[in-house]
Amino acid sequence: MALAIDPLIRLNGISKVFHTEEVETHALSAIDLEIRAGEYLAISGPSGCGKTTLLSLLGLLDSPSEGSYVLAGEPVSGLSQAQRARVRSRAIGFIFQAFNLIGDLTVYQNIELPLKYRGMVPEERRSAVHGALDQVGLLHRINHYPAQLSGGQQQRVAVARAVAGRPLVVLADEPTGNLDSANGAQVMELLAELNRGGATICIVTHDPRYLDRVQRAVYLHDGRLVSDQPRDREVA
Amino acid sequence: MMDAFRRDIRFAIRGLTRSPAFTLVAVLTLAIGIGANTAIFSVVNAVLLKPLAYADPERLISLRARLTGDNAGGVASSAPEYHDYRRQVPGIEDVAAVWPININLTGHGEPERIQAAGVTSNYFSLLGVPPALGRDFTPEDDGGRIGYVALISHDLWQRRFGGDRSVIGKTVRLDDDPMTIIGVMPRGFRHPVESGASPMELWAPVDLDNPDPNFVNDRRAQFFDLIGRVKSQSSVERVQGELAGLTARLSRQYPEAYPPNLGWRAEAVSLAERVVGDVRPALLVLLGAVGFVLLIACANVANLLLARATTRDREIAIRTALGGSRGRLIRQLLTESLLLASIGGVLGLLIALWGTSALSQLAGLYLPRAREIGIDPVVLGFTALLVLLTGVGFGLIPALQASRPDLQSVLKDAGRGASAGSHRARVRGALVVAEVAVALVLLAGAGLLLRSFERLLAVEPGFNPENLLTLQVWLPWPNQPEKGRYFTHDQRLAFYERAAEAVRRMPGAGGVALTSRLPLRGRNDARFAIEGRPARSDEPPPTAEIRFVSPNYFETMEIPLLQGTGLPPVADRKGNATTVINQTMAEEYWPGESPIGRRLKLEDSDQPWLTVVGIAGDVRQVGLEQPAREEMYVSHQVWSGQQMAMVVRTPDRPEELSAAVTKAIHSVDPEQPVFSVVPMEQVIAEASAERRFSMLLLVLFAAIALILSAIGIYGVMAYTTTQRLHEIGIRMALGAGAQDVMGLVVGQGMRLVGLGLAIGLLGAWGLSRVLTSQLYGVSAGDPATYAGVAVLLGLVALSASYLPALRATRVDPVIALRSE
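Those protein sequences? They're chains A and B, same order as listed. Take the first sequence: its letter number 91 is residue 91 in our numbering, and every next letter is one higher. Take the second sequence: its letter number 285 is residue 285 in our numbering, and every next letter is one higher.
Treat the hints as calculated values from the structure; they're not laboratory data. Treat the hints with care, since some could be wrong.
Calculated Cβ distances over 10 Å to all of chain A for the following chain B residues [what the hints assert, rightly or not]:
| no. | residue |
| --- | --- |
| 1 | L28 |
| 2 | G128 |
| 3 | F161 |
| 4 | P186 |
| 5 | F189 |
| 6 | F223 |
| 7 | G522 |
| 8 | Q583 |
| 9 | G597 |
| 10 | R599 |
| 11 | A628 |
| 12 | E656 |
| 13 | H726 |
| 14 | G735 |
| 15 | A738 |
| 16 | R807 |
Computed footprint of chain B on chain A; a stretch qualifies when at least three of its residues, placed anywhere within it, have a C-beta under 8 Å from a C-beta of chain B [said to hold, decoys possible]:
| no. | region |
| --- | --- |
| 17 | 21-31 |
| 18 | 77-91 |
| 19 | 138-144 |
Glycine residues also receive a C-beta, built at the ideal position from the N, C-alpha and C atoms.
Kindly generate the complete structure, drawing on both the sequences and the hints.
Okay, here's the thing in C-alpha cells:
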C-alpha cells in the first residue's frame, strides 16, 4: 500500500491562523511532523488543541497559513483547490467520527464514490469495493442503505470507503467517538489490521485506551506539538 | 373564536415580517399570478359572461342567412324577409332592422365620416333602452330612404356638441340631408354588433313599409342586419325550427330570389352568441393559459413555504409537544398562507387595474364589448375566490407536512445528514416537475402562435405595402340622390379624378391610384357570367372579388401583370370595356388555356360585356391567411360607386403625407370627409390584430411562466444545495472536484427538469389541439416548435441550477463537514 518514499508526510513549521472580525486564533503553531509510510500514528490532546485542524491540513481539506507540507515527495501546501481535490482522491482516505455516509446512496455506492472521483474504470471499482467490503466483513450488506445499518456497521463501511482506493494514508477523526465501546474496539481492531497489512494510518483520538494500539502518539496542546513518542502496541 | 382568529392573524403577521425576503418574493409571485388572472377574467367577464346591456338580453336574437351553395354564412336580410320574420314566425315577438352605413356628418364643426345606422323605429324599444335625453323614434318619423330625425350617441354628443342639453332640435347634415336631433342615447349604449374601431354614433329611422320598389321590395337587396326578440314562452331553438319551415316556404314561393343552387337558409342565433361567439375560443385559451401561470405561481410559493417549514420544524415540534393539536397548527399555517394570498391579491388587483386598461386598448380594435372591460363586483368576487383558492392551494401541502411533527424524526434527520427531509424534498421536486411541465405547455402554445404570426407576416400580400399611404372617401348619397352633387357616375368620376390629380401635384407624392376597396378591407364579390357558358342551375353561380380601379392601380400598388395588358388609360364605356383578372381566376375558369380575349358580364348589371385583356398577380383581398380567390379589376371609368379609396406611393414615410393629402382633397370639395388615412402597413397590421392580441398575451404569459419556473427551479436548487452542504463537504473530502460538485447539483436539477419537460411535451401535444383554429401555416404538433421551447426551457432551467451549483463548488469542505 505504501510507497517507498520516506517520510511519506513531512510538515515543516506549519501554522494555521483563523481570522474572524476582531480575533485572530492561532489553531496550530510551528508544527514539524514526519510520518513514515506504514506507520500507525495517533494525534491526541485536549479539546480545542488543534487535532482536527491538523488532520484537515494533512487531508488537504485546508491549507496552512505558514509552513510547508510535502506528501510522498511532492510539496502540496501551495496547491489550488482543484489540485488538492485531485490529490485527495488519489492519496488520502478519510474516516469521520459521524461516519458521514451519504444517506441516499447504498453501501456499494458510498464506497464507490471516491473511486469514481479518482476516475477508476467501473470493473476496477467493482472489484475494489468488493475487496474493501470483504475486508470489513460487510459484503452481505452491499445493497443496503446506511439507515439500515447499525452505527458500528456504518463506521465499518466508512473504513471500507477510506481504504478501497488504497490511499497513501488513511486519516481518521475520532473514528470511535460515536460508537459504544464494543463497536469502537471492533473498528480500532480493523484499523490495526489494515496497518498490519501496510496501510499508513493517522487517527485523532482523545481516548487513552486506543493510544495503546498505535505505534506512535503525538500530543498537541494549544496548537503546539508538545510530545511525540513511540508506543508499545498492544497485540491483538 | 374571533379571538383565536385575531391571534392567528397577529401570529401570521409576525411570522411574515420576520422573513421579509420570503414574504416579498411570495407576495410578488402571487400578485403576478392573481393580477394576470384578474385582468384576463375582467376581459372574459365583460365579453363572455356579462349579459348584453339590454332588457331581457337572453331573448334577443340575430337573424341572418346561410348560403350553403356558396358556403357563406352571416348573410344580411332584405326588407321583405324582415316582414316575413315579423309576421310568419310565431316564436318571434318583434324584429328590428339595422342598416349600417358610413355617412358624412357636416355642420357643427369639421366634416366627419361617422358610423351610423338606419334603423326601424322599433329598434330602441326592442332593445329596451330609451334615450337619456329627448325621445325615441315613432313610426311617424319614418320617411324616405332615411328619415329626417336622428338619435345620437353619448360620445358624439360630447365630442361634437360639448354635452350641450339644448342639442335637441338642432340640425346636422348627413350626406347633405338636413337631419334634426331628437335624442341622445345613454352613456355606454352600444349597437350590439358594432366594431370596436368604429362605434355606431348616430341612428336615423328607416321605413321598411315604404313601397319604393328599388329599396324595400327586392328580396335580393340583402343589406339589413336583423335583431329579433323571442317571445317569452318561446326559445331560440324553437324559432330556429320555425325558420326552417319558413325557409322552405319562401324558397318555393320565390325561386328566382332563392335558387336551389344558392342554398339560402334563414338562421337565428342568440344575439350574445353572434356578438362574442367568434372570440370565445381565443379568450378561453387565454384564460386557461393565465390559469397555468397562477398554478406555477402557487407551486413556487408552496415551495418557498416548504423550504421555510424546514427551518420551523423544531418550533412546530415544540408547539406540538406542548399540546398544540394538529388542526390548530394547520389553521395557524393556513392563516399565514391566506394572509400571503390576500396581500398578493391586493397587489394583484393593482396589476389588474393597469392590465385591464392596457388590454381594452390593445383589444379595442377587434374585440367586441372591449369598452366594457373593467373591474366590477363580479371581477372582485373572482379575485377574492382566487385569493381563497390559492391561499389554501399553496398552503395546504406545506401545512399538512409541517403539522406532522415527529420530534424523533426531526432529531434523526439532523443525525443522518444526507437523508434529512427526503419526503419534503420529494414534494418540492414534484412541484418543480409540475411547474416545468405547465410552463412547457404554455411555451409550446405561445411558440405555435408566434410561429403562426411569423408565417402570417411572411405572407406576400401580392403588392408592395411599403411607402404607401391609403385613405378613403365616401361620397354623400342624400335621400333624394338625384339632387345630390354626386348622383351620376360622371359626377363621381370627375371628383375622383380631380382629387387624385390634386394629390398627385403634392410634393412627395409618387403614384396616386384609386380603387373601390382596399385589399384586406372586406369582401366585395360579384356574380358573373362567362360568354358561351350558360349557368347551370345545380351549381352556384361563379363569383369573384371585384374592384373598380384607376388604370395605374397595378403600377402604383406594384401588382405584377403576368400576361396581356393592363386596363387602358381611357376606357371604352360604350360596349367594349375590358377587365384584368387574377391568376387564380384564370386557372379556375380557363385551365390550360388563355383567357385573354374572353368576355364576362357582371350579373344584375346593365354594364357592357367585359373583355379580359390581362392577368395580374394574386392579391390577398380578404385576409392574409386566406388564399387569394378569383379577382377581377374593371376601370373606374366604366363604373364608380360612392365609396373610393386612394393609394399614394411616396418615397417618404407615408404618415408624413396624411395632412397634406386631406388638404389636397378638401381643395376639390371642402365638405368631403377624408377618413382612414393610414399607411398600407397599418391596414395589414389591422388585418392581423386579433392574432396579434392572442399571440402577444400568450407570449407574455409564457414569458411570466418561464421566469416563475426559473425562480422556482433556482429556489429549489438553492435550498437543496444548502440542505446538502454537509454531503457536498463529504464528497469533497472524498476527492470530488468543482466539476463533480457542479455536475451533482446541476444534474439533480436537470433530472427534475427533464421529467417536467417530458410530461410537459405530452401535455402540450394534447392541449395544443385547442389552438388549431388560431394557427396558420403551422400544425398543432409542430416538432420544431416543441423542440425549440423544450430547449429554451431546458437552457433557462440549466441557468437557474447553475448559480446554486456554482455556490456549491465554492463550499469550504472543512466548514461543510462541521455544518452537521
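Status of each hint after checking the structure:
no. : hint    : verdict
1   : L28     : holds (34 Å)
2   : G128    : holds (71 Å)
3   : F161    : holds (77 Å)
4   : P186    : holds (70 Å)
5   : F189    : holds (68 Å)
6   : F223    : holds (76 Å)
7   : G522    : holds (67 Å)
8   : Q583    : holds (68 Å)
9   : G597    : holds (84 Å)
10  : R599    : holds (86 Å)
11  : A628    : holds (64 Å)
12  : E656    : holds (64 Å)
13  : H726    : violated (8 Å)
14  : G735    : violated (2 Å)
15  : A738    : violated (6 Å)
16  : R807    : holds (14 Å)
17  : 21-31   : violated (count 0)
18  : 77-91   : holds (count 7)
19  : 138-144 : violated (count 0)
In summary, the structure is inconsistent with hints 13, 14, 15, 17 and 19 from the numbered list given earlier, while agreeing with the others.
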